[in-house]
Each structure stands twice: as C-alpha cells, then as structure tokens.
Amino acid sequence: MDRLTKRRLAIVPAYNEERSVTKVVEEIKHSLPQVETLVVNDGSTDLTSEKAKASGAIVLDLPFNLGIGGAMQAGYKYAYEKGYNIAIQVDGDGQHDPKEIPKLLEALEEKQVDLAIGSRFIGDMAEYKTSAMRMLGISILSKVISFIVGQKVTDPTSGFRAANRKAIQLFASNYPQDYPEPEALIFLSKSGLKMLEVPVKMNQRYAGESSITKVRSIYYMVKILLAIFVDCFKRKSV
Amino acid sequence: MLIKIQIIIGTLSVILFVITFEMIRKGRLREEYSILWLFTGVATLVFSLWPQFFLSQFITRITGLYYLSAVVMIAFFFLLLIVLHFSVVISELTDRNKELAQRHALLELEFNEFQKRYPPPDAVSPSGH
Numbered sequence: 001m002d003r004l005t006k007r008r009l010a011i012v013p014a015y016n017e018e019r020s021v022t023k024v025v026e027e028i029k030h031s032l033p034q035v036e037t038l039v040v041n042d043g044s045t046d047l048t049s050e051k052a053k054a055s056g057a058i059v060l061d062l063p064f065n066l067g068i069g070g071a072m073q074a075g076y077k078y079a080y081e082k083g084y085n086i087a088i089q090v091d092g093d094g095q096h097d098p099k100e101i102p103k104l105l106e107a108l109e110e111k112q113v114d115l116a117i118g119s120r121f122i123g124d125m126a127e128y129k130t131s132a133m134r135m136l137g138i139s140i141l142s143k144v145i146s147f148i149v150g151q152k153v154t155d156p157t158s159g160f161r162a163a164n165r166k167a168i169q170l171f172a173s174n175y176p177q178d179y180p181e182p183e184a185l186i187f188l189s190k191s192g193l194k195m196l197e198v199p200v201k202m203n204q205r206y207a208g209e210s211s212i213t214k215v216r217s218i219y220y221m222v223k224i225l226l227a228i229f230v231d232c233f234k235r236k237s238v
Numbered sequence: 239m240l241i242k243i244q245i246i247i248g249t250l251s252v253i254l255f256v257i258t259f260e261m262i263r264k265g266r267l268r269e270e271y272s273i274l275w276l277f278t279g280v281a282t283l284v285f286s287l288w289p290q291f292f293l294s295q296f297i298t299r300i301t302g303l304y305y306l307s308a309v310v311m312i313a314f315f316f317l318l319l320i321v322l323h324f325s326v327v328i329s330e331l332t333d334r335n336k337e338l339a340q341r342h343a344l345l346e347l348e349f350n351e352f353q354k355r356y357p358p359p360d361a362v363s364p365s366g367h
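Sequences listed follow chains A and B, in order.
For the first sequence, this note's numbering gives the first residue as 1, with consecutive numbering after it.
For the second sequence, this note's numbering gives the first residue as 239, with consecutive numbering after it.
Incorrect hints may appear among the rest.
To spell it out: a stretch of chain A is covered by chain B in this simulated footprint if at least three of its residues, at any positions, have a beta carbon under 8 Å from a beta carbon of chain B; those stretches are [to be verified]:
| # | stretch |
| --- | --- |
| 1 | 89-99 |
| 2 | 216-226 |
Here are the computed lysine-lysine pairs in the BS3-like style, where the Cα-Cα straight-line distance is at most 27 Å [to be verified]:
| # | chain 1 | residue 1 | chain 2 | residue 2 |
| --- | --- | --- | --- | --- |
| 3 | A | Lys29 | B | Lys354 |
| 4 | A | Lys190 | B | Lys336 |
| 5 | B | Lys354 | A | Lys82 |
| 6 | B | Lys336 | A | Lys53 |
| 7 | A | Lys53 | B | Lys264 |
| 8 | A | Lys223 | B | Lys336 |
| 9 | A | Lys166 | B | Lys336 |
| 10 | A | Lys6 | B | Lys336 |
| 11 | B | Lys354 | A | Lys23 |
| 12 | A | Lys23 | A | Lys53 |
| 13 | A | Lys152 | A | Lys166 |
Treat the hints as calculated values from the structure; they're not laboratory data.
C-beta: ideal position from N, C-alpha, C; glycine also.
The following block holds chain A by itself, in its conformation from the complex (with noise of 0.2 Å):
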C-alpha cells in the first residue's frame, strides 16, 4: 500500500557513461531498496544503454543527443505520467552519492518545499574542492539566482534535486534547455513553488569530464547570465 501512495523514481541522465552508469544505479538500489531508477540515456554512443538494463534500470532511450535539459525534461515527463509522487535527480557521472538521497526527501516531507537541493556549500561540508574559477563563477550566480528568487541559494548548479508532484509536472511541461539547473530556479519561483537547500557530500566524479571546462567558463557564464537575465521577462509559464 505505502508502495502506491509514496511512489519514488531516481532519474538518471546519462550521455556516454558506461564506465559510471552501473555503479550508479547499484548504489542507488543498494541505499534505498524502494526507489525505482530510470535511467535517461541521452544518445550515448557507447554502451550506456546495455549497462545500464543490466543493471536492472528502467532505460528511456532518446533517439539522439538532447543536451541535459532535453534529457531531463524527458525523465519528469515518464515520472508524471506514471504517476510518480516524488523524483530524485542523480548524475549518471557518480558525483552524486546515493546515500546522501534521504536528507534531500526528510527536506520534501519535512519542510513541506517541492524542491529540495542538495548543496556543496551549506553546513560543515563546505570543504568541497573545486577551482578556484570555478568558484567565482559559482559565487556570482549564487548571488544573482538568490537576488531574483528573494532567498538564499548556495549552489544554483547542483543537479542533486528531489521533486514532489507539482515540481514534476512544472518541470515535465516547461524544462529549460541550456543551463538548466539555475534556470529551473527561476521557474520554480516565478510558479510561485517553494525550494530548500539541504547540505549533501559530493563525491568527485567515477568518470568524465564536467560539461564545463576551464576554456569554456567564461563563455559559460556570459550566456548564462543573459539567460537567467531573458528568464526574468518570460511572461510564467504554465
């Protein structure tokens, strides 16, 4: 019975991450036994796809690349129309540890938000490493996201997220596409949701590379800024 009415899905995007993907879903189903994970396989070219079945996840497979939003957008789509009541985004990269999932659902429940966020940078694990560009750029749009939000947000990037119900249909609907983890922010306001940053560990990642390098982070954060700037002026959505 407590299976119908507290149905979980882990949503795992993944593009070219055979060598993270198993580990991934197997800790997941290691820590929390009554979560389902659906595995996004983004038209990955290897074999993320078949490890990821024999893992034993649900695999959804796009047809080409989508990029994270498109990838994403698509997972809350199969967690709404199942019927799904709460959805956890989870790195197919294994930055994210499974273990740390319970803090972010105590927060949903707890705290009555529809999105909880699990933050590097709260709590006494603000010892996470990263560059010191990086950083920066992280602090700046923190401070913009917080500003247009009206509360404090540590980590707009993190991609460590639990979604109650009306979270997922916001998102299933309107996703954005090109930066998607600070943006889905502004969405989520501007619908008038509420959101909680909850402290978690982040591993450093089994596999791959950050979707940002060094070259790029400049670039990164000029177009990030105009969009997060274009959002505020979107008429709201849904």
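Knowing the structure of chain A, use the given hints to seat chain B on it.
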C-alpha cells in the same frame, strides 16, 4: 548610368520573383515562408521601374542615400527580415523536434514493457518446433 542599374536590378528582381514562384508551384517552398521573398522581388522591381518617383524624390531626400545604395539598403533590410523569420521557424522546429524525440523514447519504452508482458505469439518459443 542610371538606366544600366535599372536594367540590372529589374532583371535580378524578375528572376528572383520567377524562381520563388516556381518553387511554390512545385511545392518546394511553403507559401508561409515565401511571402517575404515575393515581397523582396516585387519591391526591388518597383524601385527599378520608377526610380525617379520612389528614390530621387522621396527616399533620397529623407535618407540622403543615392539610388543604388538605396536599393541595396532596401534589399538588405528584407534579407534581415527573412533571416529573422528563419530563426523563428528554426526555434519552433527545434522545440517540436525535442518534444517528438521525448515522446518517441517514452512510447518505445512503453512498447517494450508491453511486449515483455504480452509477447507476440510467434515470439514465445524461439527454440521450439
């Protein structure tokens, strides 16, 4: 000098108009995308036929542009409109393409699950008879 430019621009605009019209007729260009192209052809043709009236008198006086540069400017403006129009069309198509890809993936997953649960009768026993 003016008559040379008139003939060249007039001929070019007639060619543009005919090509656009032919492409619509053969169904290679959809009407909604061709209206701006037809306008461009008609506008440059009209300017080449009555340069005195449209340019020497009116546009030249308010803009200070000479005949050839004025025609080039007008053609350039129409091209800008066409390119902008194409960007809008491409954005719409990209969005629909994304929706289709997501729907396709969701349906494929649904179909595979369905087939696993209710295998088609001829696929039940691949090792049999």
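Hints, verified against the model:
1. 89-99: Three-residue rule not met by the stretch 89-99 of chain A, so violated; n is 0.
2. 216-226: violated (count 0)
3. A:Lys29 / B:Lys354: Roughly 22 Å separates the two Cα atoms, so the pair holds.
4. A:Lys190 / B:Lys336: holds (24 Å)
5. B:Lys354 / A:Lys82: holds (18 Å)
6. B:Lys336 / A:Lys53: Given that 27 Å is the threshold and the Cα spacing comes to 24 Å, the pair holds.
7. A:Lys53 / B:Lys264: violated (48 Å)
8. A:Lys223 / B:Lys336: holds (21 Å)
9. A:Lys166 / B:Lys336: holds (23 Å)
10. A:Lys6 / B:Lys336: Given pair Lys6 (chain A), Lys336 (chain B) is violated - Cα atoms ~30 Å apart, limit 27 Å.
11. B:Lys354 / A:Lys23: Satisfied, since the Cα-Cα distance of roughly 25 Å is no more than 27 Å.
12. A:Lys23 / A:Lys53: Cα-Cα ~12 Å, so holds.
13. A:Lys152 / A:Lys166: Status holds; Cα separation ~22 Å.
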